[in-house]
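The whole structure should be built from the sequences, with the hints applied where relevant.
There are 2 protein chains.
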Amino acid sequence: MPTLVMKFGGTSVANLDRIRRAAKRVGVEVAKGYDVIVIVSAMAGKTNELVGWVNETSPLFDAREYDAVVSSGENVTAGLMALTLQEMDIPARSWQGWQVPLITNSAHSQARIEDIPPHNVNQKFAEGMKVAVVAGFQGVSPEGRITTLGRGGSDTTAVAFAAAFGAERCDIYTDVDGVYTTDPRICSKARKLEKISFEEMLELASLGAKVLQTRSVELAMRYKVKLRVLSSFEEQSDEAGTLVVDEEEIMESNVVSGVAYSRDEAKLTVVSVLDRPGVAATIFTALSDAGVNVDMIVQNVSEEGITDMTFSCPTDQVARAEKAMNAVRDAGGLEFESLIIDYDVCKVSVVGIGMRSQSGVAAKMFKILSDEGINIKVITTSEIKISVLIDRKYMELAVQALHDAFELDKAA
Amino acid sequence: MPTLVMKFGGTSVANLDRIRRAAKRVGVEVAKGYDVIVIVSAMAGKTNELVGWVNETSPLFDAREYDAVVSSGENVTAGLMALTLQEMDIPARSWQGWQVPLITNSAHSQARIEDIPPHNVNQKFAEGMKVAVVAGFQGVSPEGRITTLGRGGSDTTAVAFAAAFGAERCDIYTDVDGVYTTDPRICSKARKLEKISFEEMLELASLGAKVLQTRSVELAMRYKVKLRVLSSFEEQSDEAGTLVVDEEEIMESNVVSGVAYSRDEAKLTVVSVLDRPGVAATIFTALSDAGVNVDMIVQNVSEEGITDMTFSCPTDQVARAEKAMNAVRDAGGLEFESLIIDYDVCKVSVVGIGMRSQSGVAAKMFKILSDEGINIKVITTSEIKISVLIDRKYMELAVQALHDAFELDKAA
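Chains as they are written, first to last, in UniProt numbering: chain W, 1 to 412; chain L, 1 to 412.
Just to be clear, a hint being listed does not mean it is correct.
The list makes no distinction among identical chains, and a pair is therefore deemed to hold if it is satisfied within one copy or across any two copies.
Straight-line Cα separation of at most 25 Å, SDA-like style, residue types lysine to any residue; simulated pairs [as the list claims (entries may be wrong)]: (1) Lys-323 / Ile-90; (2) Lys-323 / Pro-91; (3) Lys-46 / Thr-11; (4) Lys-226 / Gly-354.
In short, the hints are calculated from the structure, not lab data.
And the structure:
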């Protein structure tokens, strides 16, 4: 039997009615002859509630306990989805991460998948099970403790299953009907893309376009998993949604494909460090060891051998970053005057594989922002993206201005 | 180190403040030098919510999926309790049933504990962990699927841990400050007992006095686990609450120690079955195989070789009982005219070890109910208890009248 992976996000399983609607979509694919692996998220809002409780209980939480708590929402939806399918006379059972097992490393709260031995699940398919409902987002460490894959980790679970089981396609059902040139909630001219390259999707995902988790796209690109993003709230044809594909499959594209943003950024400045070899390594090794995902980095011009080191990271990792910096100072590993934390920032980026063959995109972007009176705090670039950190109050203005100026409302 | 088991019920961990309060109680015992095993229930209301979802999704649910869903609430509180203790600088970690492992049989939704190998937990105690926080109510089957122990199963988890780890005592923290002569909510004269025998507690628990799960008391009696019921909402001395002890430790007692009731009963009558050997066996084997806990049984006087068989069971097992009876009829195993189901009943019981040495208790009970105009539908008796099934509308009246007439407001 060909295998299909279908992933339903939190809003797609937010209540029993929606679980039934999702189960019907699964039934359509079962009727076509697929063995289906369904990956479910927690009901919308549940994981946030659990994360809130953990943060309130213990701001610098033991990540092993965090994982034990926040993974529970997916177990509920997995069981309910299996029951719903059984009610439709479709043989189904639920699987928790440790039952599959989905084996990860021990990097709790941001674990990486190491192996998904398909034997247990395949044996049940051989015995007549048509649908394996798998709790997304979670796995089990070599020590036998529950791990989670980071927010949005269910997407990664889905792609990893598609790779491990050689699935024909991995359909990501969500609350949007595809990938847009930017967030339609803040820019009414946003346009749905029929296709997007893995590379662009990767940049969009990493920049906070919440359609797909970054790692899921990386994984799909590496294992050549055909990925489709579509809405669970509409009747679907086989051509619905947005296909995420290899670059070669995209004939023409705009120079810029999309404008992304992320509110979930904080800017930290380590004030007055010695400007000498090894200092940057000390800082970013300490942050990395503490599990802080540093994003943008900028070092000021040195004056009299003293400089400031500025970096950004997700807001929920600021406490961890602060602790790590103080620890390395207390241990005598680094001297600095103070640590300035700025929560009132956001990141806005333009992305497009067309940038590779066309110059001047950065200059145009900076001009557009400048014309709107928006000050740029930090800049980073890659081959196909340019990102800036700006004051959060300018976020919508920046996105709309860039979307207009790069004419993203018009197809290539 | 001596070991203490402390169990906190749903209202005792209903929110983060209450979890903190419970953690403080744990801290008091840790300070005394105990290695503590904390058993937690789900936050109040959570399990009911999950059970509701399962029932709405699938009235005749696959019990394996039921267990996968409803066990999740305890995982949340276990993790949050471990984090709270860590914040108090008490080394603690959470354990889910399959991690301990708490091994059960495969009787999903009402599984029985088969073994609790103490090795994993003891190794962590040896490494310096002071508190093992265990998710109550759940275990793992030999097939590696999650099982649950039936409602109130966290009490059983607690006693089983106390037995497996040779604990000095098993303290059950709940929302009442001990065991009462009857439910104070429906009888203002109810009085707290300082001590009660295992046997009486067993009858009270089985009769719906919701202080302790029946099986936990059976287990405590068998393994001589010293059991204490006390409130998590009051400052506690070492003499607080009610001790559940061996009969020999109780010097004097009233003839009747308590009046219990259960709303959660339904009466089923299998109408017009042949009155011949094997019929009762057929009926009750079918019910037992379907996992129905039959409680009271009464067989009407036979007329012309035809009789009615009446029994009671918990209301949430009625659908299952009905299905089992229809299945045995469809299979040609039994003929009957119809199945009458009466949900408007309740069970009221008087319990006391003093009954063993004093006769006339049953007669007195029937007289009291008769004087109030209450019709008795079914009667069962044991050595230390008499139960009657009556119309539900008379429940409070019956309890109050019996409490008064047996003078339970006065100590022995």
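Hints versus structure:
Taking the shortest Cα distances, Lys-323 and Ile-90 sit within 25 Å of each other only across copies (21 Å), while inside one copy they are farther apart (51 Å). For the identical chains of this complex, Lys-323 and Pro-91 are inter-copy neighbours only, at 20 Å across copies versus 50 Å inside a copy, given an alpha-carbon limit of 25 Å. Taking the shortest alpha-carbon separations for Lys-46 and Thr-11, both the intra-copy value of 11 Å and the inter-copy value of 20 Å come in at or below 25 Å. Only within a single protomer do Lys-226 and Gly-354 lie at most 25 Å apart by alpha-carbon distance; the minimum there is 22 Å, versus 75 Å between protomers.
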